[in-house]
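Those protein sequences? They're chains A and B, same order as listed. Each residue of the first sequence is one higher than the one before, starting from 0 at the first, in numbering that gives the first Met the number 0. Each residue of the second sequence is one higher than the one before, starting from 0 at the first, in numbering that gives the first Met the number 0.
Mixed in with the good hints, there may be bad ones.
For lysine-lysine, the following PhoX-like pairs were computed, each having C-alpha atoms within a straight-line distance of at most 20 angstroms [as the list claims (entries may be wrong)]: (1) B/Lys34 with B/Lys339; (2) A/Lys87 with B/Lys585; (3) B/Lys585 with B/Lys562; (4) B/Lys553 with A/Lys87; (5) B/Lys341 with B/Lys562; (6) B/Lys237 with B/Lys294; (7) B/Lys429 with A/Lys87; (8) B/Lys526 with B/Lys562; (9) A/Lys46 with A/Lys120; (10) A/Lys87 with B/Lys333; (11) B/Lys339 with B/Lys562; (12) B/Lys553 with B/Lys526.
Hints are computed from structural coordinates only; laboratory data are not their basis.
The residues making up each chain are set out below.
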Amino acid sequence: MKQYNLLIVDDEQRFADMLARRLNLRGCNCEVCYSGREALNILKQKKMHLILLDLYLPDIYGTEVLTRIRKNDERTPVIIVTGHGTEKDRRECMQRGAYAFMHKPVGIDELMTILAEIGEKSA
Amino acid sequence: MIGRFRQLLGSLRPEFYHRTSEHLNPYFTFTDYRKIWGVGIFLLAVTALLPLMVVTVIYYQLIQKSVDSELILRTERVASNARRAVTFFLEERLNALRFTVNEIDYGRLTNPDDFAELLRNLKLGFGGLTDLSVISHAGIQVAYAGPFHLEGKDYSKQAWFAECQNCNFYVSEIFRGYRDLPHIIIAVKSFRPDGTHFILRATLETERLIQTLSSYKTGEHADIFLASRSGIMQTPSKFYGDLFEKMALPVPDYSPRTQTVMAADGQGRPIITGYAFISTQIADTPFILMVTKQKAGMMGVWLELRSKINWLVGFSIMVIIIVIAITCTFMVNKLYLADKAKAEAMAVMEQNNQLASIGQLAAGVAHEINNPLALINETAGYVKDLFVIKEQYSKDDELLENIDYILEAVARCGTITRQLLGFSRKFDVKIQRVNLNEVISDVLVFHNKEAEYRNVNVFVDISKDIPEIETDRGKLQQVLLNLVSNAFQAVDNGCNLDITALPEGVNKVSITICDNGCGMPEENLSKIFEPFFTTKERGKGTGLGLTITYGLVKKLHGNISVKSRENEGTEFIITLPIHLQEEMRKDENSFGR
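With the sequences and hints as input, model every part of the structure.
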């Protein structure tokens with residue numbers, strides 16, 4: 000199986016770490032960061048296959064992070080993973096180019112399916 | 000019979016009279032509509048009827064006064080005319096006697112033949128004379144002409160003789176005397192050339208006087224008679240005593256003129272009495288002329304008119320009261336219905352507000368739970384991953400099983416929070432043209448087998464006038480599925496389920512899902528849309544089904560309402576706009592979004 004580079008952006012540190020560990024166990028290569036700025040910095044340096052982005056981040060709101068990501072990179076899929084998402088957020092995120100909008104808690108298998116789907120598309 | 004009458008009366012009673020909507024009481028502006036109705040009728044009736052009554056009373060009094068004064072005038076006229084006649088009767092005869100004593104000398108008067116001749120002539124000229132006599136100054140009757148033999152009778156001791164000697168003239172009361180016939184004596188004193196005096200006396204029959212009086216009598220309620228100043232009847236009366244009896248009326252006070260008074264007679268009947276003390280130019284007389292009229296009899300015409308007026312006034316009062324009662328009932332009922340509609344709207348609004356705030360709370364709770372839930376999920380998932388992937392744990396089935404329990408619980412929590420969010424959050428609405436018939440058929444497919452097995456009769460009646468509607472097919476389907484599932488749970492085997500759809504106005508359709516199942520008590524009706532409210536057994540229902548249905552209908556810009564009676568059935572009515580897109584645009588404009 001191809002090794003995917005993933006970026007997990009979530010201020011809930013333990014959640015982000017755990018998710019990263021589980022995905023790593025499934026053969027992914029996850030990086031974790033806890034704020035929007037950090038995420039943008041990492042993305043400047045490294046190309047990712049998939050970004051999992053929380054909305055309620057301490058510095059920049061998730062939708063804004065998404066917009067800034069889309070300025071430099073139109074292709075990398077971004078999945079919004081949030082516990083607070085409203086319909087308005089969902090609409091906005093989809094308009095700004097999110098690949099999917101998921102509510103916490105996220106099923107690992109569901110995530111893996113999406114990853115496989117992305118892998119197929121990019122192949 | 001009485002039962003049927005009561006039933007009829009009950010059906011005529013306005014709605015406010017037997018209000019049933021006790022649960023709406025806090026929302027009503029007025030509480031006691033019966034009181035408003037009663038006070039309204041009373042005030043209007045008083046305002047309308049008081050002037051009518053006052054005018055009627057004033058009118059009656061005016062008429063009464065005018066009738067009284069007319070009666071008094073007429074009585075006075077009769078009394079006055081009769082007085083003139085009686086005075087003339089006596090005066091004429093007194094004058095005749097005076098003329099006789101002045102014209103004929105004493106010698107001729109005492110000659111029996113001449114005297115008899117004189118009586119004949121006087122009878123011819125005046126009539127009503129019985130006899131004539133000449134009485135000397137010593138009181139001895141010296142000449143007599145007439146049917147009796149009274150020559151030589153001594154009158155010197157009698158009162159009338161003394162009075163005539165003093166006053167020159169005399170008129171007696173009517174009396175019987177020893178002739179035993181009612182008669183009047185009139186006498187005139189005259190002087191002889193030698194200075195002595197004599198008295199010419201005549202006896203008058205009362206027949207003529209009574210006839211004269213009778214000619215002035217008017218109507219059956221009137222009476223006319225003479226009385227003496229001491230109150231003895233001098234002529235017979237119809238109502239107040241026979242001849243020589245004591246008059247049944249009080250003797251009036253002396254007056255030189257004709258007088259009229261209003262009083263009650265001995266039997267309490269109101270009468271008008273005209274009276275006059277008879278006095279000739281030559282001599283005073285002992286007579287009082289009395290004219291009476293009974294008011295009741297004389298006022299017959301007026302009383303008849305008054306009775307007609309009374310009927311008319313009574314009828315008017317009845318019509319006014321009926322009109323006021325009908326108007327008041329109509330107005331108060333309208334007021335009540337408007338108030339009731341307002342109260343119902345307020346109750347619904349409050350329920351909506353409650354649901355909205357519960358929804359907000361639920362959303363808040365759900366959001367807050369989601370993050371820790373996600374953490375549990377990932378942690379437990381990771382532990383499981385370790386067990387599955389790392390060899391050393393893979394054989395420990397019990398641990399795996401326990402972790403599965405955690406994950407299962409998390410999944411359940413996730414479902415609940417998602418459903419809660421589903422109530423408050425707006426999912427994407429995908430608008431498309433939907434044929435109601437198809438949607439309902441699709442929904443019923445899920446229950447076909449059950450309906451067949453349980454012998455539940457499902458009737459679908461979709462009006463042909465309903466066009467395709469623009470709405471979210473999936474959500475509408477979910478709404479109908481929820482309601483139909485509920486209905487299937489509520490009905491017993493062999494019951495009915497009716498699904499009908501009708502256009503409502505130009506822009507809306509209403510869908511009714513009606514079952515004749517177990518229904519529910521009234522107190523549950525206001526709670527059924529609240530989250531976690533359920534009447535099902537513990538663990539069988541989440542209590543979110545109707546909450547979500549409510550949320551979905553709201554999302555489709557519709558309304559849902561419910562009517563139910565315990566053991567009779569339940570009816571859900573959904574009203575949806577035909578053009579959802581338009582409604583959403585309006586909504587966005589009005590909220591400036």
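Hint check results:
1. B/Lys34 with B/Lys339: OK: B/Lys34 and B/Lys339 at ~17 angstroms, within 20 angstroms.
2. A/Lys87 with B/Lys585: Since the Cα atoms of A/Lys87 and B/Lys585 sit roughly 18 angstroms apart, the hinted pair holds (cutoff 20 angstroms).
3. B/Lys585 with B/Lys562: violated, 30 angstroms
4. B/Lys553 with A/Lys87: Judged against 20 angstroms, a Cα distance of about 17 angstroms means the pair holds.
5. B/Lys341 with B/Lys562: holds, 18 angstroms
6. B/Lys237 with B/Lys294: holds, 16 angstroms
7. B/Lys429 with A/Lys87: With Cα atoms ~15 angstroms apart, B/Lys429 and A/Lys87 stay inside 20 angstroms; holds.
8. B/Lys526 with B/Lys562: holds, 13 angstroms
9. A/Lys46 with A/Lys120: Measuring from Cα to Cα gives roughly 17 angstroms; hence the hint holds.
10. A/Lys87 with B/Lys333: This hinted pair is violated, its Cα atoms lying about 46 angstroms apart.
11. B/Lys339 with B/Lys562: holds, 17 angstroms
12. B/Lys553 with B/Lys526: Given pair B/Lys553, B/Lys526 holds - Cα atoms ~17 angstroms apart, limit 20 angstroms.
Hints 3 and 10 from the earlier list are contradicted by this structure; the remaining hints agree with it.
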